[in-house]
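Knowing the structure of chain P, use the given hints to seat chain R on it.
Each protein sequence line maps, in turn, to chains P and R.
Heads up: the first sequence runs through residues 1 to 348, numbered per the working numbering.
Heads up: the second sequence runs through residues 1 to 290, numbered per the working numbering.
None of these hints come from the bench; they were simulated from the model.
Just so you know, even glycine gets a beta-carbon here, dropped at the ideal spot from N, CA and C.
Zero decoy hints are in this set.
A few chain R positions that, by computed beta-carbon distances, are all more than 10 Å from chain P:
no.: 1; residue: Phe-4
no.: 2; residue: Pro-134
no.: 3; residue: Val-135
no.: 4; residue: Ser-138
no.: 5; residue: Trp-139
no.: 6; residue: Val-154
no.: 7; residue: Ser-179
no.: 8; residue: Tyr-257
Residues on chain R that point at chain P, a partial pick, calculated with CB under 8 Å:
no.: 9; residue: Met-96
no.: 10; residue: Leu-97
no.: 11; residue: Ile-100
no.: 12; residue: Ala-105
no.: 13; residue: Ser-108
no.: 14; residue: Trp-112
no.: 15; residue: Phe-226
no.: 16; residue: Gly-261
no.: 17; residue: Tyr-262
no.: 18; residue: Asp-264
no.: 19; residue: Ile-271
Pair ranges (Cβ atoms, derived):
no.: 20; chain 1: R; residue 1: Leu-87; chain 2: P; residue 2: Leu-186; range: 34 to 42 Å
no.: 21; chain 1: R; residue 1: Leu-59; chain 2: P; residue 2: Arg-117; range: 42 to 50 Å
no.: 22; chain 1: R; residue 1: Ala-118; chain 2: P; residue 2: Glu-141; range: 24 to 32 Å
no.: 23; chain 1: R; residue 1: Val-154; chain 2: P; residue 2: Ile-76; range: 49 to 57 Å
no.: 24; chain 1: R; residue 1: Val-212; chain 2: P; residue 2: Val-140; range: 22 to 30 Å
no.: 25; chain 1: R; residue 1: Ser-179; chain 2: P; residue 2: Leu-283; range: 40 to 48 Å
no.: 26; chain 1: R; residue 1: Asn-33; chain 2: P; residue 2: Ser-212; range: 23 to 31 Å
no.: 27; chain 1: P; residue 1: Ile-76; chain 2: R; residue 2: Thr-162; range: 57 to 65 Å
no.: 28; chain 1: R; residue 1: Ala-118; chain 2: P; residue 2: Asp-22; range: 34 to 42 Å
no.: 29; chain 1: R; residue 1: Arg-85; chain 2: P; residue 2: Asn-206; range: 23 to 31 Å
no.: 30; chain 1: R; residue 1: Trp-112; chain 2: P; residue 2: Ala-252; range: 12 to 20 Å
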Amino acid sequence: MKAIITILAVAALASVPLWLRDPYLLNALITTGIFVIGAMSLNLLLGFTGQLSLGHIAFFGIGAYVSALTSLGFDIGLPGGVRLVHEPWPPIAGFVLAIIVAGLCGYFVGLLSFRVRGAYFVIVTISFAEVVRLVALNWVELTQGPLALTNIPSIALPLPGFGELTLRTKMQNYYLVLVVALIAYLLIARLVHSHFGRAMRGLMENETLAVSVGIDVTRTLTIAAVISAAIAGAAGSLYAHYIRIIDPEVFAFINTVTMVIMVISGGKGSLAGPVVGGLIFGLLPVALRPVMAPEAQWIAYGGVLIAILFVLPRGIVPSLAQRFGRRRNGRTALAPVALAETAAKEPA
Amino acid sequence: MSEFLQHLINMLVLGGTYALLGIGLTLIFGIMNVVNFTHGVLYTFGAYIMFIVVQQLGLNFFLALPVAVLAGWLLGAVIELTLLRPLRGSDIDTTMLVMIGAWIAMQSGTLWIWGGVAKSVATPFPEAPLVLGPVSVSWLRLFVLAAAALLILVTYLLINKTSLGRAMRATFQDHDTASLMGVNVDMIYTSTFAIGSSLAAAAGALLGPVYVIFPQMGDLAAVKAFAIVILGGLGNITGAVIGGFILALAEELGAGYVSSGYRDAMGFLIIIAVLIFRPTGLFARAERVG
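With the rest of the complex left out, here is chain R:
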């Protein structure tokens, strides 16, 4: 039982960052209809920003997180403006392949600049974990969970309570009508991509110090993000949050009770199972006509 409780605690920590990844991808996928293969690279990028700020510049750990979010936002905006805006109106396969090209180039760039050796980030948290009865959790992981929860809340408020969020939701429903109503759709696309990218960078910045940082770390993160988006349904933010926690639970239980070698297979198996049995995601609402 205590083993199961420990898995639940780990699930909460992982699930929070997975949810961040998933929200970013589902926004881009849902609003722009772009399958964003650079999402994993942005995750890696966020982790390396953390490494630069904390290890190379010697600045405060807590300052590094907002820097990573901002850097992810900027890089996302640059990718959108240079690669996606000129291809507006292209079919989804073309933008997907362009994103694959950008992913390969950027990941190789990371490898070129920082090398393949894994990096770790020193944290200000005590080594000894917090022990709560039968389970224990490190202070770093608690911080990761809290920061992820805060970012999810901020994103939720941004989408649901601001005029930018309203314009994004309108564009998601019908970009032609939104455009007719005076929404600057180009600006919405750039903002969406930038926000999605900053969330991926935040997830990388949070999980980077928990594990180690290396150039290919984003590949699995990207796949997990796809699994979460498919689980939660296209463009469904609440679905992405729940999907993040479900994936984390499946991984924890898979690694704990089946075999740790198959931990990373859980995401793929979920994708295949959901698409075969419930292709619109677990929490699909009635499709809007528009």
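Excised from the complex, chain P in its bound form:
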């Protein structure tokens, strides 16, 4: 049943560019898709380890800047009079580097910020994102600061034997985003249904108990943070090569909030949650545009976030699943069961 819904949903999403001819809507779908990838990566932390990272946009933005700078090249002066010159590389190399660098940043930020929990963790992650934003704004020689990096090349896929295919049209970019989103979805699904996924959920439900059955909390959280950051970096790279202009505003806190809203409204800790929530909140501004001024839209945005937390605190997907009487199966079992399973498999 679940597999059928998934296949139908993917088929429906894949058919969109075949019948949707409006470039504005297609553009909205592509940017929404990119943010959905970001939201899925945030869900890995927020929904499966319970850590509310409000600096997630930092990894997205780092991915965007790394990818853009790799494909544009740069020439900067380092302390000591050394000049660091980088010739432009193909965008696909930028995409790979974006994933690696964002993942590394995730490792270091995780290492530092998982020393604290709760409100403190939230504030450290916000601070990290803001420091990165200020660096992007002030390190003008590298990032052009507020002048933005422009003319970022589109992604070109190398096709062995046929040269390469540069993705210029909206339809091509739509399919690129869809494929990356699918890979990210499958990767996260594979992860949360593994032994590692049970360890993550175990420590979300009860950290003390998780430690007592032998789960290495810091290691588990750090691995989750690295994977989450790497996926966000991939999304950022897609964003840079699709929009083709990047400025420090990409790090704006409101972008993290958008991802958080996508996750919370769809249902944190549900694989389909960020996709459903992301499509709703990504397309809501498009639907509201003809009837509301932009400021009024944001008021509605804030209001809807509050309303969801009051009315559907668990999110749309889990609430619907419960409504249609799906029994809780082993995968949604309560923590002690998950912990017991993990403990049983953990080598002594």
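Showing chain R alone in chain P's frame:
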């Protein structure tokens, strides 16, 4: 040397208002365990009240400050009663996200009502600064420092010398026991949020005329308030005052001797450094068991 003295003077002026911001947030954080993302909006709100009273209604500058404090108190009470009271007992992430929603809605509301163009407030103080040997300070900034000091003193007396303050301190230590001892905890929560909000509004009303007033001015103020609270330790009022001055000093020295572009990064760097090296704040006392 005179440059350094000038930085110290600026630090005192900034630090006073930062301390107000920090006290408000630390009270709410400490007593209610709510990460109050609307704190910056209340700061903006206070500044706009100043603008309305002085520029639009043409009333006295000195009257505007108590009006802003009162308006902040009322708005804080409304937020607490409508958004936080129904969520009593929810986890901290839920209340935090609700506060983020309220922040977005209210900030956009400010933008909608008053537009994005920065506003300034005319003050009754002379243009020429007060010159003391090698340093100078404007009369407006001196007034800001004096008013902030007065408000800090009033808050200190309120917390330490009144029965409301005693009930607040009791609730901070253990709200169940306080409730058993006859403290109306719901009322304490509403009062705490209202008082914290009025202090944020006061800080905005004081700094608004020094700089300019615009809808996003509260965002950085909120972050600075978080930095101050973390520096001073959760719920620690004296810590928040000292934290306010430390942050102001770091910003002044950072802007003066490193680069003015990184002035606003100081708060974030302090947050990261403190949480990594001394997560309980600089002035943590032994944790109470309760």
